[in-house]
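Asker: Sequence:
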Amino acid sequence: YLMSNPRRVLSRAQILDHVWEYDFAGDARVLETYVSYLRRKLDKFGPSLIVTVRGVGYALREPKG
Numbered sequence: 115y116l117m118s119n120p121r122r123v124l125s126r127a128q129i130l131d132h133v134w135e136y137d138f139a140g141d142a143r144v145l146e147t148y149v150s151y152l153r154r155k156l157d158k159f160g161p162s163l164i165v166t167v168r169g170v171g172y173a174l175r176e177p178k179g
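First residue of the sequence shown: 115, per my numbering; consecutive thereafter.
Read the hints as simulated data drawn from the structure, not as lab findings.
Among the hints, a few may not be true.
[To be verified] Distance windows between CB atoms, simulated:
#, residue 1, residue 2, range
1, V144, G169, 12 to 20 Å
2, K178, R122, 23 to 31 Å
3, R143, K178, 28 to 36 Å
4, E135, K178, 29 to 37 Å
5, V144, K178, 12 to 20 Å
6, Q128, S150, 25 to 33 Å
7, G160, E135, 13 to 21 Å
8, A127, K158, 26 to 34 Å
9, W134, K178, 26 to 34 Å
Glycine residues also receive a C-beta, built at the ideal position from the N, C-alpha and C atoms.
Model the full assembly from the supplied sequences, consistent with the hints where possible.
Answerer: Laid out in structure tokens, this is it:
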């Protein structure tokens, strides 16, 4: 979902609703855990692409170059 919306800040609720495709009533830390997994995998190849927007959600930064 982040890749479909580069440079756009997506709220945690938007991401959870889209990824799980229903009204996710679970713990929001699930999202933080999976974002952490993605960061670990992506950061091996260059600068961090996932940006945390405090109090809002996440955005995907486009790679430079």
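Asker: Tell me the numbers of any earlier hints that the structure contravenes, in ascending order.
Answerer: The structure conflicts with hints 2, 5, 6 and 7, although it agrees with all the remaining ones.
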